[in-house]
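Plus 68 on top of the position in the sequence shown (first one is 1) and you've got my numbering.
Read the hints as simulated data drawn from the structure, not as lab findings. Among these hints, one or two may not hold up.
Taking lysine to aspartate or glutamate pairs in the DMTMM-like style, the calculated list, with each CA pair at most 25 angstroms apart, reads [claimed, not checked]:
(1) Lys205 with Glu150
(2) Lys191 with Glu165
(3) Lys126 with Glu165
(4) Lys126 with Glu109
(5) Lys126 with Glu172
(6) Lys154 with Glu165
(7) Lys99 with Asp156
Just the calculated beta-carbon pair ranges, DEER-fashion [to be verified]:
(8) Arg85 with Asp203: 42 to 48 angstroms
(9) Arg92 with Ser236: 17 to 23 angstroms
(10) Glu232 with Phe100: 15 to 21 angstroms
(11) Gly188 with Thr75: 19 to 25 angstroms
(12) Gln170 with Arg85: 32 to 38 angstroms
(13) Glu197 with Glu104: 27 to 33 angstroms
(14) Glu104 with Gly135: 17 to 23 angstroms
(15) Arg196 with Gly102: 37 to 43 angstroms
(16) Phe139 with Ala199: 32 to 38 angstroms
Every residue, glycine too, gets a C-beta built ideally from N, C-alpha and C.
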Amino acid sequence: MRKCWFTYNLLVSYPRRFFRKARREVREVLKFFGDEDPRVEKTIVAGLLGVKTCLDVKALIREMREGDGTFIRYTFRWIPVERWVKSDIDSMKEALEELASQIEEGETWRMTVEKRRYSGLHKSEIIRELAEVIDRKVDLENPDKVVMVEIIGGQAGISVLQPEELFSSRTL
69 MRKCWFTYNL LVSYPRRFFR KARREVREVL KFFGDEDPRV EKTIVAGLLG VKTCLDVKAL
129 IREMREGDGT FIRYTFRWIP VERWVKSDID SMKEALEELA SQIEEGETWR MTVEKRRYSG
189 LHKSEIIREL AEVIDRKVDL ENPDKVVMVE IIGGQAGISV LQPEELFSSR TL
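Make a model of the complete structure from these sequences and hints.
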């Protein structure tokens, strides 16, 4: 069986009926920041774009947050993805063990799990299992780092981000 891994380094949510406008908005934003030819496409999940850009997506999000957000009308959340793995617990744990080194000694963290087209485990079970590999203090209200786990069917995108590396037009 052929394995087809996502190569997206950014996921962007949008209202389901606005695919074309959301795709155009993402392309325009990325062009403004220096990517003339990003790949922006539908995923298997309605309302979610997969994006492959040559830009440093964490730096992109930090820059976007510095603006007033008036340039964002058709998209909601912009989420960087550092690594794609199978959506089984062992694969996700292995990836997180490598990425967890980004959470420094003395830093706090929290985990956010989004499941789409995945019925394997309950969100709380995933968090409990994955949290075992991070030996740092948890802070759900004001963490230094956010572990993002974006599960889309058989694949999981995992990132360790600073709070300012997540963008939501709803909080502007």
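Hints, verified against the model:
Our distance criterion of 25 angstroms between C-alpha atoms is met by Lys205 and Glu150, whose separation comes to about 22 angstroms. With a C-alpha separation of about 19 angstroms, the suggested pair Lys191 and Glu165 falls inside the 25 angstroms cut-off, and the hint holds. The hinted pair formed by Lys126 and Glu165 meets the criterion: a straight-line CA distance of about 20 angstroms does not exceed 25 angstroms. In summary, the hint linking Lys126 to Glu109 is supported, as the alpha carbons are separated by about 20 angstroms, within the 25 angstroms threshold.
For the hint pairing Lys126 with Glu172, the CA-to-CA distance comes to about 18 angstroms; that is within 25 angstroms, so the pair holds. Proposed proximity of Lys154 and Glu165 is supported: the alpha carbons are some 15 angstroms apart, at most 25 angstroms. As the CA atoms of Lys99 and Asp156 are separated by approximately 35 angstroms, the hinted pair breaks the 25 angstroms bound. Judged by the Cβ atoms, the range 42 to 48 angstroms given for Arg85 and Asp203 holds: they are separated by roughly 44 angstroms.
The hinted range of 17 to 23 angstroms is satisfied by Arg92 and Ser236, whose Cβ atoms lie roughly 20 angstroms apart. For the hinted restraint 15 to 21 angstroms between Glu232 and Phe100, the CB-CB distance of approximately 19 angstroms keeps it satisfied. For Gly188 and Thr75, the hinted distance range of 19 to 25 angstroms is satisfied, since their beta carbons lie about 23 angstroms from each other. As the Cβ distance of Gln170 to Arg85 is approximately 37 angstroms, the hint placing it in 32 to 38 angstroms holds.
Taking the beta carbon of each, Glu197 and Glu104 are about 41 angstroms apart, not inside 27 to 33 angstroms as hinted. As the Cβ distance of Glu104 to Gly135 is approximately 20 angstroms, the hint placing it in 17 to 23 angstroms holds. For Arg196 paired with Gly102, a C-beta distance near 40 angstroms keeps the hint of 37 to 43 angstroms intact. Checked against the hint of 32 to 38 angstroms, the pair Phe139 and Ala199 passes, with Cβ atoms roughly 36 angstroms apart.
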